[in-house]
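Trainee: What follows is each chain in one-letter form.
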Amino acid sequence: DTAVSQTPKYLVTQMGNDKSIKCEQNLGHDTMYWYKQDSKKFLKIMFSYNNKELIINETVPNRFSPKSPDKAHLNLHINSLELGDSAVYFCASSRVWGGGLNEAFFGQGTRLTVV
Amino acid sequence: DQQVKQNSPSLSVQEGRISILNCDYTNSMFDYFLWYKKYPAEGPTFLISISSIKDKNEDGRFTVFLNKSAKHLSLHIVPSQPGDSAVYFCAASVTGSARQLTFGSGTQLTVLP
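Top line first, the protein sequences correspond to chains A and B. Count the first sequence with my numbering and you get residues 1 to 115, in order. Count the second sequence with my numbering and you get residues 1 to 113, in order.
Hints listed in this document are in silico derivations from the structure and should not be mistaken for laboratory results. Since the structure is predicted, the reported quantities are computational estimates derived from the model, not experimental observations.
Short derived list, chain A residues pointing at chain B, Cβ under 7 Å:
{"hint": "1", "residue": "K41"}
{"hint": "2", "residue": "F42"}
{"hint": "3", "residue": "L43"}
{"hint": "4", "residue": "I45"}
{"hint": "5", "residue": "S48"}
{"hint": "6", "residue": "F90"}
{"hint": "7", "residue": "E103"}
{"hint": "8", "residue": "G107"}
{"hint": "9", "residue": "G109"}
Okay, the calculated beta carbon distance ranges per label pair:
{"hint": "10", "chain 1": "A", "residue 1": "T13", "chain 2": "B", "residue 2": "N27", "range": "32 to 42 Å"}
{"hint": "11", "chain 1": "A", "residue 1": "D30", "chain 2": "B", "residue 2": "P40", "range": "22 to 32 Å"}
{"hint": "12", "chain 1": "A", "residue 1": "S68", "chain 2": "B", "residue 2": "E15", "range": "38 to 48 Å"}
List of simulated lysine to aspartate or glutamate pairs, EDC-like, C-alpha gap at most 16 Å:
{"hint": "13", "chain 1": "A", "residue 1": "K36", "chain 2": "B", "residue 2": "E42"}
{"hint": "14", "chain 1": "A", "residue 1": "K71", "chain 2": "A", "residue 2": "E24"}
{"hint": "15", "chain 1": "A", "residue 1": "K41", "chain 2": "B", "residue 2": "E42"}
{"hint": "16", "chain 1": "B", "residue 1": "K56", "chain 2": "B", "residue 2": "D31"}
{"hint": "17", "chain 1": "A", "residue 1": "K52", "chain 2": "A", "residue 2": "D30"}
{"hint": "18", "chain 1": "A", "residue 1": "K41", "chain 2": "A", "residue 2": "D85"}
{"hint": "19", "chain 1": "B", "residue 1": "K68", "chain 2": "B", "residue 2": "D55"}
{"hint": "20", "chain 1": "A", "residue 1": "K9", "chain 2": "B", "residue 2": "E42"}
{"hint": "21", "chain 1": "B", "residue 1": "K68", "chain 2": "B", "residue 2": "D31"}
Virtual Cβ for every residue (Gly too), placed ideally from N, Cα, C.
Next comes chain A alone, as it looks inside the complex (with noise of 0.2 Å):
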């Protein structure tokens, strides 16, 4: 039973071009995250969300938007590629908001490539 899931795995597609990466989690935590994993291997966040907020990384170009249909899912909306957007993305969750262990739980990431 894979507690967070990303869909897909790999995506290869062509600067210029709108793309969602969808993010689900099994544990029936509160909060959902993106992050990107750069050509440095950096985590960086980019949002973090619940059901009554959104804090957005201010780095991240509003081309980059979560969208949360219902607390199990977070997925990730990225219009107008560009080269420098190819990355791997985690998704990852949460138990608690602002307190208590913050230990996350990561999905297996997606590697976007844009040509």
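Take the given structure of chain A and dock chain B to it, following the hints.
Mentor: Quick look at chain B alone, frame taken from chain A:
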């Protein structure tokens, strides 16, 4: 501005010996620290954590040490096993900050049989 730094991109250790992975941070507001382990083509998995009110936390073969004055933490694995070969990420967070984790760039640990 890298607030969490792992200065060693790789480390090789003989099976059965101790592995020591190091991490430095610059943000004095960080009060919770974690280590994640990542295998290729998988997401990071939580390994062990430590609160800033402690200086040591142990879980089986894994021990994390925190030196707040030096803004340094380390992960000790003893004895090291070949299955421990993975990338290890150090992460830190600030209480009440929506628990966003700030990660280091990772250290590739290779345990040689």
